[in-house]
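Student: Chains as they are written, first to last, in the numbering used here: chain X, 1 to 176; chain A, 1001 to 1158.
Derived from the structure by calculation, the hints contain no laboratory data.
The model shown is predicted, which means the values in this text are computed figures rather than measured ones.
Just so it is clear, CB atoms sit at the ideal spot from N, CA and C, and this is done for glycine as well.
Among the hints, a few may not be true.
Incomplete in silico selection of chain X near chain A, CB under 7 Å [unchecked claim]:
| id | residue |
| --- | --- |
| 1 | F12 |
| 2 | I30 |
| 3 | A33 |
| 4 | G127 |
| 5 | P160 |
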Amino acid sequence: MRIGFLLPALVFALLAVALGVGLTLKPREIPSALIDKPIPDFALPPVQGRTAGLSSGDLRTGEVSMVNVFASWCGPCRTEHPILMDIAKAGTLPLHGLNYKDKPEAAASFLRSLGDPYRRTGADRDGRVSIEWGVYGVPETFLIDRQGRIAFKHVGPLTPEVMERTINPKIAELKR
Amino acid sequence: MKALILALALVSGLALAQPSDNRPEAHLADPALEAKAREIAKTIRCLVCQNQSIEDSNADLARDLRTIVRERVQAGDGKDAVEAYLVARYGDWVLLKPPLRARTFLLWLGPAIFFVFGALGVALYFRKRRAQPVPAAAPLSAAENERLKGLMGRDGGS
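Just chain A, with the same shape it has in the complex:
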């Protein structure tokens, strides 16, 4: 029991000792600017690890790019200006959220197009069903009637 408590204490101590972020580079002195730089870094794709933002990545290049983002923010650049700077060097690819352009038109509007076609298909299907009502069932033949009576009689007679 004592060992367990000790172990738990150690583990919780470790958890407490984890720094909130383990970024090796210098942060901006102004917390508002630092927060802004981090917000921007979250939208920039790491070029080495690809599906991570530079804020989340430990790659060397991601760190260098975070430093650049901080420098730009410190110099008074807004989000758009920082993104433009990086896009000029690495292309739209560097943005985790691709901008709406002629080339990315299908990417952005694809789901809407699929939805419209799907809805159209469903609407057509139901309209067609209503247009041709379900044909009335053929009346039972004499033999079927006899059989039905037998079944009903057996069931109801108990």
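Bound conformation, chain X alone:
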């Protein structure tokens, strides 16, 4: 029996599947090049009115920690803020804030009105430290492992779903 006539249909089916998978990918989410790499060296002063700044040494204490990149001008940062407050309250791991290209007063009033979940904050006024971290949009959230390496990065606001599906399991894995 000749089945050669089925070939175009087969090629079509393969293409359809490949392109269909392509449609489900999210081109907005750029894979981080820094996963499993040591955190960059940096030292930043704290957000206005705070005493504890953020430097690479603070993330190399042998503890699993979380770094959240935020800015007062960033809308999604407001939506994810309650989740950060919950993380701080639960105290499962130290949460630090990297304040991206913000005005000092604006950042301070953001934390004053919404609450301050961060143990330490770093004010990255010109965004250079964030570039070292491969940040390309706020909010972004990093998990740092015990060896001081970037273990995970989430781009976009944290949601209860993201916490449950990816972040919390990842924290548990890193703490093991």
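For this one, chain X is given, so just place chain A on it according to the hints.
Tutor: This is chain A only, laid out in the frame that chain X set:
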């Protein structure tokens, strides 16, 4: 008419007033280095707007990255070194032209592979056609011959 001329003059004046580039950041003093920095910036993808180069983009991050490219060029880095610096932070993604790697093999060689298969298919098709010549047409039946004669006669008789 006067109004038209005035309007044209205004428009052309606007066109002339457009600066050749509206980049807010400082340029390098050395024109050769500045040109080099711009050449490199054209090959770097803006991470916010994605399908634009940082040279073309007005995004804040694109401006910061252009500044970094200029700093690197000023410090004597070549194109490869600047790209390596950015790739280390943002991955291959930051290059508008993806490098040839094991993962991008299909991307680069895909068209050639398609071409080879297409050419192969066409060649096979023609070979098969030549192998089995078109069968000679069956001779006309007597009735068809009569009909043909009638048609020819009507046409030629005029």
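Student: Just pull the numbers of the violated hints for me, sorted ascending.
Tutor: 1 and 5
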